[in-house]
Amino acid sequence: MKRIYFDNNATTPIHPEVFDAMLPYLKDEFGNPSSIHWAGRNTRKVIDEAREKVARLLNCDVGEIIFTSCGSEGDNLAIKGLVESKRDKGNHIITTKVEHPAVLTTCKYLAKTGFDVTFLDVDNQGMLDLDQLKKAITPKTILITIMFANNETGVIFPIEEIGRIAKEHNITFHTDAVQGVGKVPIDVKKLNIDLLTLSGHKLYAPKGVGAIYVKRGVRLVPLIHGGHQERNRRGGTENTAGIVALGKACEIAHRDMEQEIKHLTALRDRLEKGLMGKIPHARLNGHPKNRIPNTANISFEFAEGESILLNLDMKGIAASSGSACTSGTLEPSHVLVAMGVSMEASHSSVRFSLGRGNTVEDVDYVLEVLPPIVEKMRSMSPLYSAATGGAANISFTESGSCSH
Amino acid sequence: MKRIYFDNNATTPIHPEVFDAMLPYLKDEFGNPSSIHWAGRNTRKVIDEAREKVARLLNCDVGEIIFTSCGSEGDNLAIKGLVESKRDKGNHIITTKVEHPAVLTTCKYLAKTGFDVTFLDVDNQGMLDLDQLKKAITPKTILITIMFANNETGVIFPIEEIGRIAKEHNITFHTDAVQGVGKVPIDVKKLNIDLLTLSGHKLYAPKGVGAIYVKRGVRLVPLIHGGHQERNRRGGTENTAGIVALGKACEIAHRDMEQEIKHLTALRDRLEKGLMGKIPHARLNGHPKNRIPNTANISFEFAEGESILLNLDMKGIAASSGSACTSGTLEPSHVLVAMGVSMEASHSSVRFSLGRGNTVEDVDYVLEVLPPIVEKMRSMSPLYSAATGGAANISFTESGSCSH
Amino acid sequence: MYSEKVMDHFSNPRNVGEIENPDGVGTVGNPACGDIMKLSIKIEGDVIKDVKFKTFGCGAAIATSSMVTELVKGKHLDEAEEISNNTVADALGGLPPVKMHCSNLAADALHAAIEDYKKKHTK
Amino acid sequence: MYSEKVMDHFSNPRNVGEIENPDGVGTVGNPACGDIMKLSIKIEGDVIKDVKFKTFGCGAAIATSSMVTELVKGKHLDEAEEISNNTVADALGGLPPVKMHCSNLAADALHAAIEDYKKKHTK
Ligand SMILES: Cc1ncc(COP(=O)(O)O)c(C=O)c1O
Ligand SMILES: Cc1ncc(COP(=O)(O)O)c(C=O)c1O
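Chains as they are written, first to last, in our numbering: chain A, 260 to 663; chain B, 260 to 663; chain C, 990 to 1112; chain D, 990 to 1112.
Mixed in with the good hints there might be a few duds.
Computed list of lysine-lysine pairs in DSBU-like fashion (alpha-carbon distance at most 35 Å, straight line) [stated by the list, open to error]:
hint, chain 1, residue 1, chain 2, residue 2
1, A, 286, B, 371
2, B, 474, B, 393
3, C, 1109, A, 635
4, A, 448, C, 1031
5, A, 371, B, 371
6, C, 994, C, 1041
7, B, 367, D, 1064
8, A, 371, B, 261
9, A, 312, B, 574
10, A, 345, B, 356
11, A, 537, C, 1108
12, B, 448, A, 399
13, B, 449, A, 348
14, B, 426, B, 394
15, C, 1108, A, 574
16, A, 474, A, 356
17, B, 348, A, 348
18, B, 367, A, 371
19, B, 532, A, 286
20, B, 521, B, 537
21, B, 371, A, 345
22, A, 426, A, 356
23, B, 371, A, 474
24, A, 537, C, 1109
25, B, 261, A, 312
26, B, 371, A, 367
27, B, 426, B, 448
28, A, 348, B, 393
29, C, 1041, C, 1108
30, B, 537, A, 367
31, A, 356, B, 345
32, B, 449, B, 356
33, A, 532, A, 356
34, B, 635, B, 574
A short list of chain B residues far from chain D (calculated; beta carbon distances all over 10 Å) [what the hints assert, rightly or not]:
hint, residue
35, 303
36, 315
37, 373
38, 382
39, 388
40, 515
Don't read these hints as lab results, they were simulated from the structure.
Given the structure is predicted, the values throughout are model-derived calculations rather than measurements.
Yeah, the Cβ is synthetic: ideal placement off N, Cα and C, and Gly gets one too.
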C-alpha cells in the first residue's frame, strides 16, 4: 500500500544522514562523555561539535545552547527556570491561549503557585494583537512566552515585534520555536529572543533530544539538578547519539532550508487550493499567508475529523486533527476554539503537515482520495442533512461534558 | 589494541538484542505514539509492552511506571514532585552524604528553598547507621531518599529496613536505584519502596531514557508539564526507540540476572584479590561483602587516580576514578571523603565496574598491566618516597581551594 | 487503537440513513465532544421492524451507532430497552477508555427514540 | 581531553627524580586537589645546571612538571623566574580549562625552589 506521511508537525522520520551520523554512538562510541578513556573521550568532542551546529542554525554562541530531552522539557526549563530566578523582580507572566500544552499547562500550574498569568487572545485567523500584548504588560511582568509558530495552524507570530516590546520593557522573552526551527530562518539576535525551545524529532532528528537557547546573561534555575553536564544547567549523562543527531539535523536544515521552503510551499499550496476547490464547505483555519510553509489546517464542515483520518489511514495517508499530544482527550482543539471556530467546525478539522520526503504525487493522491471520503462521512452526518435540507440546526439532548 | 571496558557504572554499551529491538523505531516505525495512523498506531502498543517489562523486573504494576529521559530526571521528578505535593504535611527530608549528585544537588537546592534536609553520615566502609536514620526522623519528615547502591563503591544500603522504618512513620521512601536495577533482584513491594529511579544506560539500554516507579497512591507534581503522556505525569512526545530499548533491557536483565550475578561476582573477586595481592598499599573502599557484584573501588596509595587511568587507557583498559559525572571538578570524591578516607587516598582511588561482556582474560590482563603502572607512578611520587623513606609526611606550600 | 470489529463497523456501517415517517426519533450528543447521533425507528406490534442512524462523530461513535442498529433490529421494545452503552461496547469487543464516556451514546439514542415513540403513541 | 604534547610529557616525563644535595627544593600543591609537586635544582653560577621533579598528580600535573624542567634547564635564574604557569601551559599547547587552576603548579614549584636556593645562599 502507498504510504504518505503528512503528519510532520507531530513527528518526523529520522533523516537518513542523521541516522548515519548517530549510529556510531549507539555502537562502539558508547562511552560516557565525562570519561577520560577511549570509550568516552571522543564523545565530548562530538557533543561540542553538535552544539556548534545548533548554534549556527540559530545564529548564537555555542555557550548559549543547552541540550534537553525534548521540547516539553525545554519549555518547562525555560519558563520555570526563568520565573524562579526572577521571582524577586515580579510574578507576572504573559502568554497566549494557543500555546502548546508544554507551555500552557506549565503556565496554568504556575498560576496556581503564586504567579499571575495573562493568556492573550488571538483573532479568527489565529493572529496576535500586539496592542493587547502591550496593554498586558505591568511593572511586575518578568516573562513573555509566545510561540514562534503554532503547531496546529502553522501561523507565525510577530516574533521580532514581540522581542522589541519585551526588550523595551526589560522583560525576558521566551519563544517555543519547536515548529519553527528548521522550517524557516530564525536569527535569535535579530529577533531579540532571550530563550528559545526546539525539539529534535520535529526536524528529522530522533525523539528524546531537544535544546534550548539561553542568551548569555539570562539566568535559569535548573529543572534537572545533578552533575556538571551542560555547565551545571542540566544534569544527566548526555544522550550522545541523540545530541549528535540533533546537530546533524540542524546542519542539514541550515543547508537545505531555502530549497525546502520552496518545495514545501509549492506542495502545501497545491494541496490547499486543490482541496478547497474540490470540496464544498471546506475552510482554512489560520492566516492564509503568515504561516510556516508545510502546514495546512482545514475544516471539512459536517464531517468529523477523526473519522476522516481513519479513512485516510485506510488509504495509507497519515494526517492528524488538532495536536497529536492532546489526542488523549475528546475536547476540541483549544487553538481553534480560541480562534472562535465553532465546536462542530473544530471537530471537523484536519491538519496536513508536509515534510521533506513529500512529492507532487503524494499531494495529488490526497486530492483524489479525500473528496469521496468527506462526501461519504457527510452523507452519514445528521448535521449535513439538516444543513443542506435548509434547517440550520438540529435539536438534540446534550450529553454532559466531554472532559473526564 | 585490546579494548577492555571496566566502566559499566558510568555507562554500558547497548546490548545487541536491545539494539535490534529498538532499531525499527528509529526507522519505519517513527510515528508519534499519540497518532492514530499507521506511523504511530503500533508505537502505543510497544510502549505499553515495554512498560510491562520494566514493571515485571521490579514486581510492580504497569500503571506504576513513568518513563523519563535519564536517571537524573527521575531523581528530580521523584524528589521535587513528592516534596511539593506534600509541602503542607512538612518540610523535612532525610538523605545521605554519599548520594549521586542528581539527588545531592537536588536536596541542597531544596534546602535553599524552605526545606530542612538531614544528610546522614556513613561509616568507613560506606555503610549507613539505621539508628542515626531513626533519630533523624521528625514529625515534619515527608521524604527519605537513600540510594540503593552507591555508584562509586557499589555498597548496598539496607533498603528493606529503611522501607520498614519509613512505612512505620508514614514517610514516603524514594530510592535512587540507578546502580541496583538490573544488577541485583529488586522487589519494590517486598522492600516497601514508594518511589524508585532507574536509568537505561546503566543496564545496556541507550542513553536518553529512564523510568521511575511510583507506588499507586503516591502523588507527584510533574517536573515536565505538558501533554497527556505518561498519564499527565510527564509531558513530551515519547522516545519510542529508547522506551522499547529500556523494556528489552529489563527483560534481558530479568532473564539473565542469576547467571550474571555469578559471572560478575567471580570476575570482580578475582580482580580484587589479584590486585590486593600484587600491589602493596592497596586498600578496598567500601564494604567487602555488602556490594553489587560488579564494582571494586581500590585506592593505590601514593599513586594518583587520573594518572593511573591514563596509563590504563594507553593499554586499552577503561576504568574511572570517582563518579564520571563529577570529573568536571578536581575535588576528591564526596563519597570517599564521607567515609573518612584521606584526601590523598581519595585521589588514589580507581573504580573498576564490570559488565556482561567481561571475561577472565580481561581480568588477568589488568592484573598483569596494572602493577607496573602503579609502581611507575609511585616512583615519581614525592609522597611515596617520603612514606617509604620513613617520613610519614612531607611539608609543602598549600595552593588554595581546588573548587572553582 | 480500535479493535477489528470496531473498524469493520466503522468502514462498513450497517443501516445508515433516515427512515421516512419514522415512529420514533432520538438525537443525542454534544458538539463539544464532536459526536452527534440521530436514530430513527419503525415499530410494528412493539417490535423494532427497522432502524437507521446518521452520526457525526469519530470512529467509536459511528461503530457504536452501526452496532446498536444490528443489535435491536427485530427485537421487542422491552428487550431493546435493556441494551446499554456498555452492551454495545462489549458487542464491539471493547472501546478505548477515552472513548467510553463520550462517543458511546448509541444506546442513549436508541432509548431516546423509543421514548419518542412511546410519547407519541400513549396519548 | 589532553593534547598530544601533554600526553607525550605524561607518558615520557623528562627529568624525574630527586637531585642529591640539591641547592634548592620547592614543594607545592594541595592534597584536596590531588596534586603535589616537588622540584629540586642544582645551580652553578646563577644557571640552573640540573633540575628534577617528583609529582603526585593527574596527567596535567605530571606533564607540566616535566615541561617546566625542560624549559629551565640551562637557563639563568633571572630567566627562570620569568616563567609562569601560563608559560608552561602554553608550551604544552594548552590544558583543559578545569586543569588550569590547580594542576598547573610546576612554575610555582620552580619559584619555590629558587626562593629556597636564594634563602640559603644570601646569608
Ligand atoms: C546512583 C546514580 N544515580 C543517578 C545517576 C544519574 O543517571 P543519569 O546519568 O542517567 O542521569 C547515576 C549515574 O550517572 C548514578 O550512578
Ligand atoms: C509548538 C510545540 N511545542 C512543544 C512541543 C513539545 O515537544 P516534545 O514533544 O518534543 O516535548 C510540540 C510538539 O509536540 C510543539 O508542537
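(message) Let me make sure I understand: some of the numbered hints might not hold for this structure. Which ones are they, in numerical order?
(response) Of the numbered hints given earlier, those the structure breaks are 1, 4, 7, 8, 11, 12, 13, 15, 24, 28 and 30, listed in rising order.
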